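In the working numbering, the protein residues as written are 1 to 174.
Please keep in mind that the hints were generated in silico from the structure rather than gathered at the bench.
Predicted, not measured: the structure shown is a model, and the values here were computed from it.
Each residue gets a CB set at the ideal place from its N, CA and C atoms; glycine is no exception.
Where hints are given, some of them may not hold.
Simulated restraints, written as ranges between beta carbons of each label pair [unchecked claim]:
{"#": "1", "residue 1": "A63", "residue 2": "T130", "range": "17 to 25 Å"}
{"#": "2", "residue 1": "A55", "residue 2": "L131", "range": "33 to 41 Å"}
{"#": "3", "residue 1": "T50", "residue 2": "E127", "range": "20 to 28 Å"}
{"#": "4", "residue 1": "D60", "residue 2": "G128", "range": "38 to 46 Å"}
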Amino acid sequence: MKVFLLLLTIPVLALLGACGGNNEAAKTVSPAGTTSASRTATASAEPSATASAEASATADLLATVCAENPDPATDDINQVDIPSPRDEVASGFRVQGRIAAFEATFRITIFDAASNVIVDETAMSSEGQTLAPFQQDVAFSVTQETPACLWVYESSARDGSPIHVRQIPLLLLH
1 MKVFLLLLTI PVLALLGACG GNNEAAKTVS PAGTTSASRT ATASAEPSAT
51 ASAEASATAD LLATVCAENP DPATDDINQV DIPSPRDEVA SGFRVQGRIA
101 AFEATFRITI FDAASNVIVD ETAMSSEGQT LAPFQQDVAF SVTQETPACL
151 WVYESSARDG SPIHVRQIPL LLLH
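Given only the sequences and the hints, what does the whole structure look like? Please build it.
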């Protein structure tokens with residue numbers, strides 16, 4: 001019985017020894033700009049710094065990816081609950097909120113940092129002219145992680161220009 005316990009203990013000790021050792025705390029910055037401490041092996045300090053720099057650059061792009069809003073929405077006309085600003089989203093993500101749109105019809109458009117359209121589709125809320133719930137799954141195709149700006153808005157009946165625009169910066173995942 002003692003031999004059996006000894007045989008079980010040796011691999012556990014070897015595993016614990018392999019997990020411990022020369023680690024140091026490293027701080028990383030998430031795309032949202034928050035800082036968190038994590039344990040990183042000394043040998044990987046340089047890749048961690050590179051990842052941190054890339055995350056910081058992404059956070060900077062997300063801060064500026066949305067162009068000037070042509071007609072900012074007010075909460076009594078257009079509210080987007082999901083996704084939140086700076087979320088990382090995969091194709092098929094859900095856009096959800098409430099909107100008071102004429103005939104319950106509005107637009108969802110995603111622009112990249114150069115203002116190129118990635119997605120442009122029509123969506124509908126549960127009823128028009130009153131703040132009514134909506135949800136729409138949005139598919140897109142990108143070849144790399146892409147900072148983008150989600151617009152939820154109406155098109156003006158007068159000239160088709162965007163009105164009541166809610167802008168949300170996002171990171172599109174490939």
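Hint-by-hint comparison with the structure:
1. A63 - T130: 17 to 25 Å: 34 Å, violated
2. A55 - L131: 33 to 41 Å: Hint holds: Cβ distance 36 Å, inside 33 to 41 Å.
3. T50 - E127: 20 to 28 Å: 50 Å, violated
4. D60 - G128: 38 to 46 Å: 39 Å, holds
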